[in-house]
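*Asks:* Sequence:
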Amino acid sequence: MTVLLAQLAAQAAHAEPPPTPRQLIDRLGVETRQLLEEPRNDRTPADAERAVAEQITAWARRSPGDEALIDGDDQGRTPLMLAASGAYPLVVKALLGDPIVKALVNTKDAAGQTAWMHASFAPGLTLVSCQPGTLTLDRYPLLRPYLLRMSALLKSKDSPLVGIARLLEDAGARPDPEGARRAWLARCPNTPAELRQALANGAMLKTLVDDAVSRQTAFSKTLREGIAGTPQTPPEGMKFITVRDGQAKKAARLSCVRKPAPPLRGALPWSGELTFKTLVATRAGIVEAVDFELVSPGTPDLHVVQYFRSAIVQALAAYQCEGDHVFEQVFHFKVD
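To convert, note that position 50 of the sequence shown is 50 in the working numbering; the numbers rise steadily by one, no gaps.
Honestly, I wouldn't trust all of these hints.
[Said to hold, decoys possible] Pairwise CB distance ranges, derived in the manner of DEER restraints:
#1 62 <-> 297: 55 to 61 Å
#2 335 <-> 237: 23 to 29 Å
#3 306 <-> 61: 27 to 33 Å
#4 17 <-> 174: 32 to 38 Å
[To be verified] In silico BS3-like pairs for lysine-lysine, Cα to Cα no more than 30 Å straight-line:
#5 277 <-> 250
#6 108 <-> 221
#7 206 <-> 221
FYI, nobody ran anything at the bench for these hints, they're computed from the structure.
Even glycine gets a Cβ: it sits at the ideal position worked out from N, Cα and C.
Please construct the entire structure, taking both the sequences and the accompanying hints into account.
*Replies:* Now the structure itself:
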């Protein structure tokens with residue numbers, strides 16, 4: 001019996017610790033994407049969110065005020081901010097059940113953004129307003145998983161985004177529309193002029209959602225009518241990602257479900273080597289944006305560069321990485 005107890009104690013000592021609230025939220029993003037792409041009869045995205053909310057509630061009951069419930073990531077974003085940004089009302093409610101989380105509801109991250117602001121940005125719905133350059137044939141593969149999430153949120157009977165804002169305000173969050181507007185423009189420098197004007201005059205959440213839906217609807221209509229009328233690439237020189245010091249990680253440091261090699265399709269009458277350095281932004285299991293830097297010597301034909309950039313976009317569209325990150329990755333191609 002003594003030996004058995006010793007073995008059990010040793011196993012417990014080496015057992016993997018339970019995931020923290022932030023890890024649970026990060027993994028929820030990937031699972032939500034997977035369930036939307038491959039629906040199951042026995043589990044839905046709502047089931048996945050409910051399971052995470054229950055685990056966080058249990059954590060808070062077991063260890064009220066635990067540091068893991070309020071701990072910020074490398075950008076100062078707390079679990080509450082990540083849940084608000086991810087449009088997970090059940091998770092937000094579970095977190096606010098902890099008195100310390102509730103007391104710190106107006107905490108700001110490194111960019112000066114509160115959970116209420118993160119909810120107002122509605123990133124699960126408003127990517128194409130923040131990054132209108134994604135509405136091109138070149139970037140469209142990145143939009144497909146995002147559109148599934150966008151559609152699911154729009155179909156919800158009760159808007160989770162409005163519900164989250166209400167939960168936060170009931171818990172003492174201070175609405176700051178002007179601060180949120182400034183923060184949005186800082187994180188979305190490609191915001192079109194007409195949207196900037198609309199944000200100055202209207203309610204932020206409704207304005208952003210209406211704009212995103214309008215832009216996506218118009219793009220989809222143009223795409224259905226024929227590829228010839230659809231923009232091929234974003235405007236020359238447009239950058240999608242703004243990086244603060246130390247924000248970008250290396251791809252190897254991320255937890256990603258799948259990172260396939262870029263697929264090369266069709267014949268290419270070219271031989272040589274090309275190396276691209278990419279800066280990639282991922283949110284809730286979805287790659288939202290990428291910037292390219294060609295670091296190979298020489299100046300290859302623009303069509304060759306575009307061919308390999310498209311291959312990289314196709315590959316990144318399949319990445320399912322946990323959490324909201326900006327990371328760097330190098331792609332090298334050699335064609336004999």
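*Asks:* Take the hints in turn and mark each one as holding or not.
*Replies:* Hints versus structure:
Between residue 62 and residue 297 the C-beta distance comes to about 58 Å, which sits within the given range of 55 to 61 Å. Remark: the range hint 23 to 29 Å for residue 335 to residue 237 is upheld by a beta-carbon distance near 27 Å. The hint said 27 to 33 Å for the Cβ distance between residue 306 and residue 61, and at roughly 55 Å that hint is violated. In this structure the hint that residue 17 and residue 174 lie 32 to 38 Å apart at CB holds, the actual value being about 35 Å.
With a C-alpha separation of about 11 Å, the suggested pair residue 277 and residue 250 falls inside the 30 Å cut-off, and the hint holds. Between the alpha carbons of residue 108 and residue 221 the distance comes to roughly 40 Å, so the proposed pair goes past 30 Å and is violated. With a C-alpha separation of about 22 Å, the suggested pairing of residue 206 with residue 221 holds against the 30 Å cut-off.
The structure does not agree with the numbered hints 3 and 6 stated previously, though it agrees with the rest.
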